[in-house]
Amino acid sequence: MDVRGILKAKGTEVTTIRPDETVREAIAVLGERGIGALVVSTDGTSIDGILSERDVVRSLAATGASLLNDEVRLICTQTVQTAGLDDSVDQLMSTMTAGRFRHLPVEVDGRLSGIVSIGDIVKHRVSELEGLTADLQSYVSGTW
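Using the numbering used here, you'd call the opening residue of the sequence shown number 112 and step up by one each time.
Derived from the structure by calculation, the hints contain no laboratory data.
If you're wondering where the values come from, they're calculated on a predicted model, not measured in any experiment.
Treat the hints with caution; some may be incorrect.
[Said to hold, decoys possible] If you anchor each label on the Cβ, the simulated ranges turn out as follows: (1) L185 x S157: 31 to 37 Å; (2) K119 x L179: 17 to 23 Å; (3) S157 x S238: 28 to 34 Å.
[Unchecked claim] Below, in silico cross-link-like pairs of lysine to any residue (SDA-like), each with a Cα-Cα straight-line distance of 25 Å or less: (4) K121 x G230; (5) K119 x G253; (6) K119 x I138; (7) K121 x G145; (8) K119 x D231; (9) K121 x R213; (10) K234 x T123; (11) K234 x R213; (12) K121 x E164; (13) K119 x Q248; (14) K234 x D198; (15) K121 x Q192; (16) K234 x V125; (17) K121 x L196; (18) K121 x L141; (19) K121 x V219; (20) K121 x R165; (21) K121 x I146; (22) K119 x S249; (23) K119 x L196; (24) K121 x T206.
Where is the CB? At the ideal position from N, CA and C, for every residue including glycine.
Could you put the whole structure together from the sequences, leaning on the hints where they help?
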């Protein structure tokens with residue numbers, strides 16, 4: 112399976128936040144939406160950065176509560192690796208493992224087109240393994 116297939120199953124909605132919003136506002140959105148990262152974007156289609164829960168926690172540990180009034184642009188990851196629609200699940204896993212991050216925005220023709228999380232990949236892998244298990248059980252029981 113590739114990114115196109117994952118997005119077809121989960122949808123292409125991405126929650127974004129402007130770089131001039133406060134960290135406090137970003138935390139509120141993360142909590143309300145029950146998500147682990149926001150794509151930082153001035154217009155909702157460009158990718159200016161990504162802000163993860165990990166970014167927030169590390170910055171809070173270093174700066175303290177005053178960070179909550181700072182702009183998102185000050186703590187977000189500004190060099191963002193992205194995925195394309197034809198990238199395979201194996202490529203995504205490799206990229207996420209090497210970069211030690213859990214969210215990968217999808218970019219098509221320079222525009223934000225979705226986001227894939229490690230949870231999406233795990234869900235895909237579990238589904239794949241369940242199918243393989245069912246096939247093997249059918250084969251062993253002779254009902255193939």
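To see whether the hints hold, each was checked on the structure:
For L185 and S157, the hinted distance range of 31 to 37 Å is not satisfied, since their beta carbons lie about 18 Å from each other. A hinted range of 17 to 23 Å for the beta carbons of K119 and L179 is inconsistent with their spacing of about 38 Å. About 33 Å separates the C-beta atoms of S157 and S238, a value consistent with the hinted range of 28 to 34 Å. Of the pairs offered as hints, the one joining K121 and G230 holds, with about 11 Å between alpha carbons and a cut-off of 25 Å not exceeded.
Of the pairs offered as hints, the one joining K119 and G253 is violated, with about 34 Å between alpha carbons and a cut-off of 25 Å exceeded. Distance check on the hinted pair: K119 and I138 sit about 28 Å apart at the alpha-carbon level, beyond 25 Å; violated. Only pairs whose Cα atoms come within 25 Å are accepted, and K121 paired with G145 is accepted, the gap being roughly 15 Å. Between K119 and D231, the direct Cα distance comes to roughly 12 Å. Compliance with the 25 Å bound is thereby established for this hinted pair.
Taken as a hint, the K121 and R213 pair is honoured in the structure, with Cα atoms around 16 Å apart against an allowance of 25 Å. Straight-line distance between C-alpha atoms of K234 and T123 comes to about 16 Å, which keeps the hinted pair within the 25 Å bound. At roughly 14 Å between alpha-carbon atoms, K234 and R213 fall within 25 Å of each other, so this suggested pair holds. Under the criterion of a C-alpha separation no larger than 25 Å, the hint pairing K121 with E164 is consistent with the structure, at around 21 Å.
Among the hinted pairs, K119 with Q248 is inconsistent with the structure: their alpha-carbon atoms are about 29 Å apart, more than 25 Å. Between K234 and D198 the alpha-carbon distance is near 17 Å, which keeps this suggested pair within the 25 Å criterion. Distance check on the hinted pair: K121 and Q192 sit about 20 Å apart at the alpha-carbon level, within 25 Å; holds. Of the pairs offered as hints, the one joining K234 and V125 holds, with about 18 Å between alpha carbons and a cut-off of 25 Å not exceeded.
Our distance criterion of 25 Å between C-alpha atoms is met by K121 and L196, whose separation comes to about 14 Å. With a CA separation close to 18 Å, the supplied pair K121 and L141 stays within the 25 Å bound. Annotation: proposed proximity of K121 to V219 holds, straight-line Cα distance about 17 Å (limit 25 Å). Note on K121 and R165: the hinted pairing holds, with a Cα-Cα distance of about 24 Å set against a maximum of 25 Å.
The hinted pair formed by K121 and I146 meets the criterion: a straight-line CA distance of about 14 Å does not exceed 25 Å. About 29 Å separates the Cα atoms of K119 and S249, which puts this hinted pair outside 25 Å; it is violated. About 10 Å separates the Cα atoms of K119 and L196, which keeps this hinted pair within 25 Å; it holds. Among the hinted pairs, K121 with T206 is consistent with the structure: their alpha-carbon atoms are about 20 Å apart, no more than 25 Å.
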